[in-house]
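**Q** The lines below spell out each chain.
2 protein chains.
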Amino acid sequence: MTEDVQVIFTPSGKRGRVARGTRVLAAARKLGVDLDSVCGGRGVCSKCQCTPSFGDFPKLGLHVEPGAVSPINAVEERYDRIRGLKPGRRLGCQTEILDDVVIDVPPESQVHKQVVRKAASERVMEMDPATRPVYVEVAEPDMHRPEGDLQRLSQALEKQWQIKGVRADLDVLRILQPALRKADWKVTVAIHDAGDGPRVTGIFPGVREVPLYGLAIDLGSTTIAGHLVALDDGRVLASAGVMNPQIRFGEDLMSRVSYVMMNPGGDQEMTNAVRDAMGDLARQLAEEAKVETGEIVEAVVVCNPVMHHLLLGIDPVELGQAPFALATSESLEFAAREIGIEASAGARAYILPLIAGHVGADAAAVALSEAPQKRDDLSLIVDVGTNAEIILGNKQRVLACSSPTGPAFEGAQISSGQRAAPGAIERIEIDPETKEPRFKIIGNEHWSTDPEFGTPRITGICGSGIIEAVAEMRMAGIVDTSGLIGSAEQVGTPRCEPNGRTHEYVIYDGGEEGPRITVTQGDIRAIQLAKSALYAGARLLMDEMGVDTVDRVVLAGAFGAHISPKHAMVLGMIPDAPLDRVTSAGNAAGTGAHMALCSVKARREIEAQVHQITKVETAIEPRFQEHFVAANALPHATAPFPELRKIAPLPEVSFNTGGSGEDGGRRRRRRG
Amino acid sequence: MTEDVQVIFTPSGKRGRVARGTRVLAAARKLGVDLDSVCGGRGVCSKCQCTPSFGDFPKLGLHVEPGAVSPINAVEERYDRIRGLKPGRRLGCQTEILDDVVIDVPPESQVHKQVVRKAASERVMEMDPATRPVYVEVAEPDMHRPEGDLQRLSQALEKQWQIKGVRADLDVLRILQPALRKADWKVTVAIHDAGDGPRVTGIFPGVREVPLYGLAIDLGSTTIAGHLVALDDGRVLASAGVMNPQIRFGEDLMSRVSYVMMNPGGDQEMTNAVRDAMGDLARQLAEEAKVETGEIVEAVVVCNPVMHHLLLGIDPVELGQAPFALATSESLEFAAREIGIEASAGARAYILPLIAGHVGADAAAVALSEAPQKRDDLSLIVDVGTNAEIILGNKQRVLACSSPTGPAFEGAQISSGQRAAPGAIERIEIDPETKEPRFKIIGNEHWSTDPEFGTPRITGICGSGIIEAVAEMRMAGIVDTSGLIGSAEQVGTPRCEPNGRTHEYVIYDGGEEGPRITVTQGDIRAIQLAKSALYAGARLLMDEMGVDTVDRVVLAGAFGAHISPKHAMVLGMIPDAPLDRVTSAGNAAGTGAHMALCSVKARREIEAQVHQITKVETAIEPRFQEHFVAANALPHATAPFPELRKIAPLPEVSFNTGGSGEDGGRRRRRRG
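The listed protein sequences derive, respectively, from chains A and B. Each residue of the first sequence is one higher than the one before, counting from 1303 in our numbering. Each residue of the second sequence is one higher than the one before, counting from 1303 in our numbering.
To be clear, the hints were calculated from the coordinates, so they are not data collected in a lab. Treat each hint with caution, since some may be false.
Mimicking SDA-like on lysine to any residue, the simulated pairs with C-alpha atoms at most 25 Å apart in a straight line are [to be verified]:
| # | chain 1 | residue 1 | chain 2 | residue 2 |
| --- | --- | --- | --- | --- |
| 1 | A | 1466 | B | 1496 |
| 2 | A | 1488 | B | 1623 |
| 3 | A | 1466 | B | 1623 |
| 4 | A | 1415 | A | 1911 |
| 5 | A | 1903 | B | 1466 |
| 6 | A | 1868 | A | 1744 |
Facing chain B, a subset of chain A residues (Cβ under 10 Å, in silico) [claimed, not checked]:
| # | residue |
| --- | --- |
| 7 | 1443 |
| 8 | 1445 |
| 9 | 1452 |
| 10 | 1454 |
| 11 | 1456 |
| 12 | 1463 |
| 13 | 1470 |
| 14 | 1471 |
| 15 | 1472 |
| 16 | 1479 |
| 17 | 1622 |
| 18 | 1628 |
| 19 | 1659 |
| 20 | 1722 |
| 21 | 1915 |
Restraint-style ranges between C-beta atoms, simulated for each label pair [to be verified]:
| # | chain 1 | residue 1 | chain 2 | residue 2 | range |
| --- | --- | --- | --- | --- | --- |
| 22 | A | 1851 | B | 1461 | 29 to 37 Å |
| 23 | A | 1445 | B | 1880 | 51 to 59 Å |
| 24 | B | 1460 | A | 1677 | 29 to 37 Å |
| 25 | A | 1913 | B | 1398 | 37 to 45 Å |
| 26 | B | 1430 | A | 1594 | 54 to 62 Å |
| 27 | B | 1951 | A | 1445 | 37 to 45 Å |
| 28 | A | 1384 | B | 1430 | 53 to 61 Å |
| 29 | B | 1322 | A | 1430 | 53 to 61 Å |
Just so it is clear, the structure is predicted and the values come from calculations on it, not from any experiment. Don't be surprised by glycine CBs; every beta carbon is placed ideally from N, CA and C.
Just chain A, same shape as in the assembly (with noise of 0.2 Å):
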């Protein structure tokens, strides 16, 4: 036998010498193999697991004998013991190569591993977070040897984890003395490097064994939502919205931006109001998840420009008028604190970047999860929400704009609107012969109509209600292609009720104790002006690039799983399509920060990516004015929507009279 033995690491097929009685760790460390550890080879974390592989491996050129490796030591005997190890499971740091040996890492143990997270999407997430815990064994002070604390915690990563020149902001010095002494000396240090050198973003004691959290936000204009997520495989522990309290100062964007331009000092006011928001929201997910908000040593936002702006204490007021210049377009890192997050001391917030003064980093987002530039088929992908993310897009070539829809899609500004919340309707069917309803809610999996339903407290329609109500109204022959409801008389119904000058469906009256639910002329003309500023948008980006069919519909958004690709082609709210072609993405920007959050790759791609992105202005288009008059009937004044005629009826009903009614003169004064 020779003093070096041959080590061939499997999946990765790395293979080099090493001299024999090396343990695995350090194995794989000196042939750049990643296997994964926090306590550095101590014994105790168990993340540098790994299986020895015994026999012939002819492919290989190699024999392993039985002997190749060191037995089970007392180490790994009280680990399994303990924790248990799967069969012939060994630590790393614990196992000494003998003789020629294939060792297999298997992918929990990898540090940059992919995991099949269970999203709408089932997607593969790439793990190479930026943030990595690391244990360290720091020197005691000495009173003859002057260096810090901070300098000697320096020292120990550096000999401990060859990690150079490590940074920490003032938070981290506040807490750095403390966080020493009360651990005694041994500490898991959050290490954030993406790309711009180490830097300490979190002190925790001891080995840690659990991993360390990132959130993963979606600021929209209407609601914020959350995932807290385990930064070593991307698993999602806890998931929550919070309204955005910017509500209050105008419900979209731009009346956001006429606030502060007749308010001094208002922008000040909604930062405030929002960085207290993400305060909240990072609380209420730490305590769903049953963990400390110290325990979160990351974040990663996506939102629009406006909300970019204001999340980062900047005057929005150049969104609101042409050129509609952004302070930054590029992405951005700072501490987690500057945006009101509750984190450890040192977190990190990172923001992805923007496409355009009206396409934001929620839009980029997007264009990361759901990745058109990498398919040969054309995407039209609908971020649906207050304000609209559109991207279409293929190999070629990828246009992006975005489309003041309003909050109607979110159920406000509808006469029933609520959140999304139990007991709302979410589903509803309308008998085209009966013209009655039924529908489920929110908590309960029986339609009205079934036995089991039982009577529950039912409380408004939330925005995919609504959504489908509108569509089965136009399906049933309640409303006309004008967006018009029908009378009693003219519908055959005694649900169409006078409401002034106009008609409502009464969708259910819960008597004395309430609630009426309904839905007015003015919801649906609510309903038209969003789903027309959506089409517009879609259809704008079609003409620039020179299609008039696309291949597939992605429908995006915090609720975009909720819409039923059906009802939302019978209200016209997307082109025309074959229905298996337009499917749900769930929240594709909040996937697109979950990614960025695993990944420091993913951060440099969408980077990359969105300098590739061509931005299509709507605000000053004029043929988005004329294709949103024309997306106002539904499902369209003048497209044939050939493909949602072979599925859904779309009766040729007619209740203008003609006369002083609403409505009577207002439609189609222009053809785009």
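Chain A is already provided as a structure; the job is to place chain B on it using the hints.
**A** What follows is chain B alone, placed relative to chain A:
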């Protein structure tokens, strides 16, 4: 004539060939010659002034024809008319090189110039500032190009100045949009680069013709002294001091640390107090120099470790107990606003490294300005303050310690003590025969016995005044070697009046209108405690160095310049030395801060130097106590002080009656 011509720059001697017609500024940049420019060659800032030389230059091997440079052009004519150009001077950005030429760059046109400052030491100030102003013209936003304002600024800096990858923190992003628009996209940007890459730290409209400003701050336990400095040539435009408001939490450092220990949250109270004072100081300096605080783009702070931690918001409790561990000992840079300094958005603050737990950035600053490590002779540098820093060293070795002298030297804890302000007695002489005093007060150049003295308001005694008073009392035989004040009979003057069981010496009696200014026995004791601590610290370093004498003594400190070396030696504040080898360096810590403000090179120098300084810990050294006790006598119980005896009478009086009077048996219990 060839197409290339030779150009030689003096005094650098840098030479090379450039294309005929190249402008001098461009030639200088090409050849790496240090020729300043703010406007980037637009003929408005005049920083690039230079003098073409004509005739024979045998040493350079060159003959320069009169037509070697282009004639004065319209831009230069206009500049000369409005601002005036010295004879022979040209604007380097306007002057074309037409033939072989020698061009002299005067010191004021160099960025990295050496400037002799009128400080106590006529110091040569090396200019190598971290921040420089650059004028850029930024592209306006274009709806069809989505980059943000920061990206267009960054592109302009790269194109016009070859400054790549400039960073801007959120504070700068907040002001960027209005600043660019108000200035019509033509701005002078303060670019900070201390070796870690360029960063925007200020934005000013148009071509900035006045310099950028910085603050050099010496944060003492009792007073905070600051200079407002022009960053082009390092001159001081304003100096001011404010009291450290932390005094209300404790007069000396240890009582402040105790305050924190006794009062949870007390550190935050003190942090807030000192940051408020930093803000006040910045505003006061700006007002005095008639500049806006927003024109201050940088600050350098020196201070002792406890002040350091409290300023940064770090609990100083570890500094109150062995082993006196610092949270961090290295230099730090961060946003100036983090420590309460009102300055430009993005302004940076730099804090010098600390030498050890008791020997701070102020001592490092003294080491920087006095540089004992560059001298052959052995220097003892004493920075007098509430906490004294003492440095002993030469080229071979440098030692440092700190000593808790208390605030007596600053006039605190003295019965008639006051801050150095108009009306305070600062000089005093006592006739050894008549025991009659004469004195000078701040704001009046005459002795109190001169008719021209008039009848000014006399308010108290400042720090230097009390030192002189006690020393003069010792030389006049009013105080004995043990520090006891004699009675009227013992001394032979009615000015020695009884005060309880001891006596006091009346310097001035304002009658009914007051005040009555005396030196009490308690005052003498306070001075004795302070000076013993100082001497014991110095002596401890001498022991460590293995010497009994030093070659020179430098008195430093905020009022170091005001202390009379002779009187200091009579008190035994400092070890015996030839009087002409005892000098005053003024506020050496402040000078060190000033140097670090003007020069990145100086920062790197002291950062390296502190690692070479051996720290001696006074608090745990038993000999410190011995030295302290022996130093209680005036000048000393055992040290002979031969040099002092050559120049000052030290009458062998003794007022100890051995009875029940104060001090009857308290002194010299031990010998070192």
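**Q** It remains to establish, for every hint, whether it holds in the given structure.
**A** Quick rundown of the hints versus the structure:
1. Straight-line distance between C-alpha atoms of residue 1466 (chain A) and residue 1496 (chain B) comes to about 20 Å, which keeps the hinted pair within the 25 Å bound.
2. A threshold of 25 Å between alpha carbons decides the hint, and for residue 1488 (chain A) with residue 1623 (chain B) the separation of about 21 Å falls inside it, so the pair holds.
3. Of the pairs offered as hints, the one joining residue 1466 (chain A) and residue 1623 (chain B) is violated, with about 30 Å between alpha carbons and a cut-off of 25 Å exceeded.
4. As the CA atoms of residue 1415 (chain A) and residue 1911 (chain A) are separated by approximately 23 Å, the hinted pair is consistent with the 25 Å bound.
5. Restraint check for residue 1903 (chain A) and residue 1466 (chain B): satisfied, since their Cα atoms lie roughly 23 Å apart, inside the 25 Å limit.
6. Note on residue 1868 (chain A) and residue 1744 (chain A): the hinted pairing holds, with a Cα-Cα distance of about 20 Å set against a maximum of 25 Å.
7. A hinted interface residue such as residue 1443 (chain A) counts as satisfied when its beta carbon comes closer than 10 Å to some beta carbon of chain B; here the least separation is about 4 Å, so the hint holds.
8. Taken as an interface hint, residue 1445 (chain A) checks out: its beta carbon lies about 4 Å from the nearest beta carbon of chain B, inside 10 Å.
9. Look at residue 1452 (chain A): its Cβ gets to within about 4 Å of chain B, closer than 10 Å, so that hint holds up.
10. Hint on residue 1454 (chain A) holds. Least Cβ distance to chain B is approximately 9 Å, under the 10 Å limit.
11. Because the smallest distance between the Cβ of residue 1456 (chain A) and any Cβ of chain B comes to about 9 Å, under 10 Å, the interface hint for this residue holds.
12. The interface hint given for residue 1463 (chain A) is violated, since its Cβ lies 19 Å from the closest Cβ of chain B, which is over the 10 Å cut-off.
13. At a threshold of 10 Å, the smallest CB-CB gap from residue 1470 (chain A) to chain B is about 8 Å, leaving the interface hint in force.
14. This hint holds: residue 1471 (chain A) has a C-beta 7 Å from the nearest C-beta of chain B, less than the 10 Å allowed.
15. Evaluation of the residue 1472 (chain A) hint against chain B yields a held restraint, the C-beta minimum of about 6 Å falling below 10 Å.
16. Checking residue 1479 (chain A) against chain B: minimum C-beta separation of about 5 Å stays under 10 Å; hint holds.
17. Contact between residue 1622 (chain A) and chain B, as hinted, is not supported at the beta carbon level, the nearest pair being about 12 Å apart and thus beyond 10 Å.
18. The beta carbon of residue 1628 (chain A) is positioned within 10 Å of a beta carbon in chain B (closest approach about 4 Å), and the interface hint is therefore held.
19. Taking 10 Å as the C-beta cut-off, the interface hint given for residue 1659 (chain A) holds, the closest approach to chain B being about 7 Å.
20. Hint status for residue 1722 (chain A): violated, given a least beta-carbon distance of 33 Å to chain B, over 10 Å.
21. Using the Cβ-Cβ criterion of 10 Å, the hint placing residue 1915 (chain A) at the interface with chain B is satisfied: the shortest such distance is roughly 9 Å.
22. The hinted window of 29 to 37 Å between residue 1851 (chain A) and residue 1461 (chain B) is violated, with their beta carbons roughly 44 Å apart.
23. Here the CB-CB span from residue 1445 (chain A) to residue 1880 (chain B) is close to 36 Å, at odds with the stated 51 to 59 Å.
24. In this structure the supplied range 29 to 37 Å holds for residue 1460 (chain B) paired with residue 1677 (chain A), their Cβ-Cβ distance being about 35 Å.
25. Distance hint check for residue 1913 (chain A) and residue 1398 (chain B): the Cβ-Cβ separation is about 40 Å, which falls inside the suggested range of 37 to 45 Å.
26. Our hint of 54 to 62 Å for residue 1430 (chain B) and residue 1594 (chain A) is violated, since their Cβ atoms are close to 46 Å apart.
27. For residue 1951 (chain B) and residue 1445 (chain A), the Cβ-Cβ distance of about 43 Å falls inside the hinted range of 37 to 45 Å, so the restraint holds.
28. Judged by the Cβ atoms, the range 53 to 61 Å given for residue 1384 (chain A) and residue 1430 (chain B) holds: they are separated by roughly 60 Å.
29. Between residue 1322 (chain B) and residue 1430 (chain A) the Cβ separation comes to about 55 Å, which falls inside the hinted range of 53 to 61 Å.
The earlier numbered hints that this structure contradicts are 3, 12, 17, 20, 22, 23, 26.
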